[in-house]
Structures are given as C-alpha cells and as structure tokens.
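Heads up: the sequence shown begins at 1 in the working numbering, then just goes up one per residue.
Think of the hints as simulated: they come from the structure by calculation, not from any bench. On a predicted model such as this, the values are computed, not experimentally measured, just so you know. Mixed in with the good hints, there may be bad ones.
[As the list claims (entries may be wrong)] Straight line, CA to CA, 30 Å or less: simulated DSSO-like cross-link-like pairs of lysine-lysine:
| hint | residue 1 | residue 2 |
| --- | --- | --- |
| 1 | Lys40 | Lys17 |
| 2 | Lys42 | Lys53 |
| 3 | Lys42 | Lys56 |
[To be verified] Now the in silico label distances, taken between C-beta atoms and shown as ranges:
| hint | residue 1 | residue 2 | range |
| --- | --- | --- | --- |
| 4 | Ile26 | Lys64 | 53 to 59 Å |
| 5 | Ile24 | Ile62 | 52 to 58 Å |
| 6 | Ile51 | Lys17 | 46 to 52 Å |
| 7 | Lys79 | Met52 | 35 to 41 Å |
| 8 | Met30 | Leu69 | 38 to 44 Å |
| 9 | Asn71 | Gln37 | 27 to 33 Å |
| 10 | Arg80 | Lys50 | 51 to 57 Å |
Note that CB positions come from ideal geometry on N, CA and C, so glycine has one too.
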Amino acid sequence: MLLIKIKYKTAQLTKSKQKMFQQIKIKLRMNWLNKIQQLKIKITIKIQHKIMKLAKIQKVKISKKLSKLQNRISILNLKRKISSKFLISKQQKQVQKAQTIFKTIKLFLKTKIIKKLITSLAFKENSKKTLQVVYKIYKSKKIKQIILEQAIRYNLINQILYRFKIRSNIKIKLILI
1 MLLIKIKYKT AQLTKSKQKM FQQIKIKLRM NWLNKIQQLK IKITIKIQHK
51 IMKLAKIQKV KISKKLSKLQ NRISILNLKR KISSKFLISK QQKQVQKAQT
101 IFKTIKLFLK TKIIKKLITS LAFKENSKKT LQVVYKIYKS KKIKQIILEQ
151 AIRYNLINQI LYRFKIRSNI KIKLILI
C-alpha cells in the first residue's frame with residue numbers, strides 16, 4: 001500500500017511538474033516566437049533599407065541612362081532636322097539648277113531662232129514684220145544684245161535700233177564692242 005501511495009504521490013508530483021514544464025515550454029515558445037517575429041521585422045526593415053538604397057542607386061543610374069538616352073534622342077532629332085533642312089536646301093538647289101538650265105536652254109533656242117531670223121532679214125529687204133515679231137517674242141536684255149550683235153554682223157543696225165528705240169550712246173557702245 002505504501003508503494004502505491006508513494007507512486008500515486010510521485011505521479012501527482014510528476015503531473016504538476018509536467019504542467020509546469022508545459023507552461024514553461026509555452027512561455028519559452030512564446031518568447032522564441034516573439035523574438036523570431038522581432039528578428040523577422042528587423043530583417044525585413046534592413047532588407048527594405050537595402051532595397052531602398054539600391055533603388056536610389058538604381059534610380060540615379062537609371063536617371064543617368066535616361067538623360068543619356070534623351071541626349072541621344074535630342075541629338076538624333078537635331079540631326080534629322082539638319083538633314084531634312086539640308087535635303088530641302090539640296091532639293092531647292094537642284095530645282096534652281098534645273099530652272100537655270102531650263103532658262104539657258106530656252107535662251108539658247110531663242111538665240112538660235114533669232115540668229116536664223118536675222119540671217120533671213122539680212123537677205124530680205126522688206127523685213128519689218130519679222131523684226132517686230134522678234135521684238136515682241138524676245139524682250140529680255142540678253143536676247144536684245146544678241147539681236148544687236150547679229151544686226152551689226154549683217155549691217156541691219158539702223159532698222160533694229162529704230163525698232164528697239166535705243167539711244168545713240170548705246171549704239172556707239174555696241175559698235176565699239
């Protein structure tokens with residue numbers, strides 16, 4: 001009986017000890033869980049700070065890259081504008097060249113026609129109508145000079161001077177040339 005009583009008492013003690021151990025374990029677990037949570041929070045805060053620092057560094061790098069890209073884009077836009085202006089000026093120059101070539105061809109053709117007309121005038125005595133036609137069609141200064149040169153060549157200066165109403169000073173100059 002005594003043995004049973006001792007066993008019972010030890011069993012009761014052990015039960016109370018077990019409860020205490022369990023309570024201590026629970027407290028320790030709670031402490032550990034709290035410590036672990038605090039550590040997690042600290043670690044997350046540190047990680048966030050590092051991420052923010054890296055982000056700032058990356059922002060600086062990205063902003064530098066963006067500024068470089070914007071500079072390149074602006075340079076490319078300037079080059080495009082300059083090249084487009086250059087192309088436009090080139091096209092305008094080409095158009096002007098074409099116009100001058102066209103004008104010179106016209107002049108050349110007109111002078112050939114005038115030379116033919118004046119040579120025909122040289123061999124015809126009554127040729128006032130052809131002179132009037134020549135004067136009406138070709139009123140530019142260069143062509144007038146060509147007409148006068150041809151007229152001097154074929155001794156028709158008096159008729160042509162009369163038609164163009166040229167003063168005597170110019171007549172002298174033309175004859176001197």
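Checking each numbered hint in turn, tell me which of them this model violates, lowest number first. 1, 8, 9 and 10
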